[in-house]
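Enquirer: Spelled out, the chains give:
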Amino acid sequence: MSAAAEETVAAPPRRRLRLALWLLGRSFSSMLGLFLVTVIVLLALIGPWIVPYPDHVAGAVNLANKLQPPSAAHWLGTDEVGNDILTRVIIGARISLLVGIGITFAAAAIGVPLGILAGLAGGRLREAIMRFTDLFLSVPGLVLAIALVAALGPGIVNAMIALILVWWPGYVRLAESKALSIREEPFIEAARVAGASRARILRRHVLPNSLSPLIVKMSMDIGQAILAVASLGFIGLGAKPPTPEWGAMISIARGYLPDWWWYAMAPGVFIYLAVLGFNLLGDGLRDILDPRSNRG
Amino acid sequence: MLGYLLRRIGLAGLMLFGLVCLTFVISNVAPSDPAALAAGPDAGRSQIEQARRDYGLDKPLPEQFLRYLTDLAHGDFGRSIATGRPVGTDLARYFPATLELVILAMALGVLLGVPLGVLSALRKDGPADHATRIFAVSGIALPPFWFGLLLQLAFATWLGLLPTSGRLSVFTEPPDPITGLLLVDSLLHGNTALFREALSHIILPAIVLSLPCLASILRVNRSEMVEALRMDYVTAARAHGVTPWRIVMVHALKNAMLPTLAMIGLRWGWMMSSTVLVETVFDWPGIGLYAVSSAIAGDFKPVLGVTLIVGLNFMIANLVVDLLYGVLDPRLRRA
Amino acid sequence: MTQDISRRGLMAGAALLTAGMPGIGMAFERDGNRKVLVFSGNQQVPVLDPHVRYDWSTRMIQQSVYDALLKYDGDPPRIVPWLAERYEVSPDGLTYTFHLVGNAKFHNGDPVDAEAVRFSFERGLKLNAGIAWMLKDFLKPENIVAVDARTVRFTLDRPFAPFISYVPWWYVVNPRQVMANQENGDLGRKWLTENAAGSGPYRLRRFDANTLMHLDAVPDYWKGWPMADGDRPSGIIYRIIREAAPRKAALQRREADIITNLTPDDIEQLSRVPGVVVENHKGSTTFGIKFNCQQGPTADINLRKAIAYAFDYDSLLAIHNGAAVLMTSPFPASMAGHIDVPGIPRKDLDKARDFLRRSRFPNGGIELEYVHVQGLEDARRIGLALLDSLRALDIRVNIVGQPWPTMTSRGSKPETSPNMMSVYVTPVGTDPDTVAYQYHRASWGLYYGTAHYENAEVSRWIDEARGETDNAKRMALYARIQAQIVADQPELFGMVANRIWARRDYVQGFTFSPVRFTGEIDLYPLWARG
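Chain order of the listed sequences is A, B and C.
Counted from 1, the first sequence has number 292 at position 292 by the numbering used here; the numbering is strictly sequential.
Counted from 1, the second sequence has number 145 at position 145 by the numbering used here; the numbering is strictly sequential.
Counted from 1, the third sequence has number 281 at position 281 by the numbering used here; the numbering is strictly sequential.
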């Protein structure tokens, strides 16, 4: 770890970036991931301006036009209240992306400080934090999230709260192990002997060294969080109507199988591609940033 | 070793207690009136109050919690509010279905994941490697509920090759349970027709459930194998004229065993939890479906029960893996 | 059952051949020479005890394994004699005397006598669950007397006109079997959860709460069978398939002979399938959106009226593909005493804006909560239609799905009751009191009383009508009640959706009765031709 890390830290920023891009470009699957993520982010950013029927997002009801098969006017057909599926799926990218990023960042914001604290403090405090984390880690995530949302009431915010609650322990584990391993490093010892303050050690050494695995994990987690929110939506515990959330769309579309099978296709493909993109990107980033920890 | 074991079991017990507390808190944050659910839609106030007494919901929360704990200690999971049925009985009925599904999915994951991982490592950075990598990531990225629906559409609705849902056909009376696992029981009864029928029902949900597990086993094996192939002794073996095939079989696979085992342990509990989605899609009468339908109805005792059972599985799996690690890898014993 | 298994073994191949060719395939299930009919719906049967629980699926099975003194039959529903061959009412409306048939037997051979009837009513009242609410306030257990082996007498505390309309739901259990299985004085409650002690046309063969119920026909059923002896099915399976798509597939592949819980969009689809007949009947379950009449913006009657005039009622019909009728009164059309209330609101935006101007929110600009039972697709879609309709008044709608107990808990107090709550109500009998009483002050806070509607006059009329023994006077009271409720607009009166089943064309003996619940049918007359 130390050799690679120091090397990365030592290299000048621009060269590092070029190296990273080169490494990334060399791998087909990473490029695919980057491409997919870019597309999803673009859709999320400019979605409202490119969709064919912007008023179908907030739930326009046009029952005369319901459940139409794909056509020139509606490329992906219409849903059970006559809304354009393409429009809703594109706007769905916005929601899923926001939720995925939100959950991941919130989980990291809770987990990383706790983990670093545990790693640096050691002793009783570490034991307490880690046992608490283990408790949450040993909880069946999806089942717990379902129970939570069912108790709090469905809705995108409650789904996020539930998922953040089951998501943060992973970051404690990661940050703790990094902090722990760095604590033992000679250069930290040296810095400490040289009189560097705790905060300075934290800022200058611990954080930068934890950053690579953190970025990798977060990239993967955004994908997994998108999937988790969609899962809750599928069970019927996600976004409230008329919010166009992918999982909720599939949940409704399921009632129209097999005769209106195209309804369920688009949202599923979008979930798949979004999650695939973030995972491939995460994989690629790991190969570059954190080559030694290439484990399942 | 024994001390270590006892300490681990003690910790697991402590965590289980934490889990009970956690789930109990969750089930009581909802501003809901379980007694109204228990009494039924048309019930008047007198019946609602009767139900409140019947279920002990008139007691203060700490007392309810204490009672739940004592009941749990006696193996009693309480009664479902919505149905009035004992949760323990229901769990006993549904758990074997989930167990069967998870075991089969796990087996599929190992049987396909290990060879594909090896293949990917041997053809590192080649097209086959990229293909398997994308396949592996797909296994994690495919929404299981959606993929399940696709398989149902393709194999049940359009091709008519396999049944859509359930464990057995409506007309088939299940055999007397021996293990509760239909595939095993049908063989024990010597009934191959029943075995085929059970297999045709379980295969689609098992495939869907196995994908993420397959993917992680594949990835672990690939990276282990890549590293193993770089090791000095492999290079030396190769120099001594040992065929690559033998190297893979003997040395490298042996190395891959430990991480695969760890992955199985990690994924076991995880699958018990994610089976919720698969069971919902395939109408599979397991604990996942039980938990979801209860949660949607606002009936929390079954959700509590399922959470505990799944949590217990998490802990046991972790414990077993840790112990096996300790046995197989002496370096870790000190830690 | 080995025969069945071997047939299933062929299934994969057969299904492949016949997937695109419905009509050519294997015949329905056989047990020896007789058929086993398969009915599929989405709801489980967790507790079979007839005095503890009822809902559509549960009662369908209860009706098959148990008998009651009287039975509902047909459309319009009539009450026909069953275990009782006749009954008398005293002129003061207090004493009901039932005379039992002589030949009724429980499945174990015990006779169904007056003591069994007395015991069953007493048990229902004592358990104070399920059906108890129907009679609890008017009948004390000690006032039920077995006069002789074939005569039972009920003496009510005060006249209660709807009494007879509830009797068909009080099933008779075998006291000897029940008490033999009593545990800790539970009156056999635990045992009857998964076991039956009845005298009905079917007996319980297999009980699997979440998967299926298997019933065997009783060949020498005391009442006899409506079909020719050779046509009598050997049994009926109620199969729980939660999702609509697999359920439809099961019907198309003849794994099920009759199914229910279909979406409106399925009707058209299925009626085109050869060999499938869609049963589409006018129901009695009213759908309304209850306003909170005490607290919040909807306490303002002008706002309630504005919403009622802004709502697009045609969307209700469109959502149901035309398989629904709009309500013309708080009562469903199948109910005795129903009138078409003149001037019940229909979409009229000018009137809506007019009422809005007179309300506290002349320009809208508010958000209202619309709560429906989590997972109910129709209620969700109606919420979307409401949201779309109220845009014209610049009123936003927050559509919230919640679990049933959360909804009822919120609705129990005016302070927490949502602005608008979608509620389906199925009248449990044919008596107008069943529906009218939900607008009584005493119903405040119960799930059908979440509007917290207050009109002292209406409450008084309802009480009067309950005790009125002159039918004409009673019906006149109900006409006044209906008109006044519409004028007060405590809810948005929606529609009554049709009841829909799809069956194979060889299924005979299907009878519809609006008094049963959505999905529920009488299994007794069903058989399969061919």
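Keep in mind the hints are simulated off the structure, nothing from the lab.
Be aware that a few hints might be false.
Derived pair list, reagent style DSS-like, types lysine-lysine, alpha-carbon separation capped at 27 Å [said to hold, decoys possible]:
1) B:K124 - B:K254
2) A:K240 - C:K136
3) C:K126 - B:K59
4) C:K347 - C:K413
5) C:K105 - C:K126
6) B:K59 - C:K136
7) C:K190 - B:K59
Distance ranges between label pairs, derived from CB positions [claimed, not checked]:
8) A:R203 - B:R123: 42 to 50 Å
9) A:E184 - B:L11: 22 to 30 Å
10) B:S46 - C:A472: 28 to 36 Å
From a predicted model like this one, the values you see are computed outputs, not experimental measurements.
Glycine included, each C-beta is placed from N, C-alpha and C at the ideal position.
Enquirer: Compare the structure with each hint and give your call.
Expert: Each hint tested on the structure:
{"no.": "1", "hint": "B:K124 - B:K254", "verdict": "holds, 19 Å"}
{"no.": "2", "hint": "A:K240 - C:K136", "verdict": "violated, 41 Å"}
{"no.": "3", "hint": "C:K126 - B:K59", "verdict": "holds, 22 Å"}
{"no.": "4", "hint": "C:K347 - C:K413", "verdict": "violated, 31 Å"}
{"no.": "5", "hint": "C:K105 - C:K126", "verdict": "holds, 25 Å"}
{"no.": "6", "hint": "B:K59 - C:K136", "verdict": "holds, 25 Å"}
{"no.": "7", "hint": "C:K190 - B:K59", "verdict": "holds, 23 Å"}
{"no.": "8", "hint": "A:R203 - B:R123: 42 to 50 Å", "verdict": "holds, 44 Å"}
{"no.": "9", "hint": "A:E184 - B:L11: 22 to 30 Å", "verdict": "holds, 25 Å"}
{"no.": "10", "hint": "B:S46 - C:A472: 28 to 36 Å", "verdict": "holds, 33 Å"}
Of the numbered hints listed earlier, those contradicted by the structure are 2 and 4.
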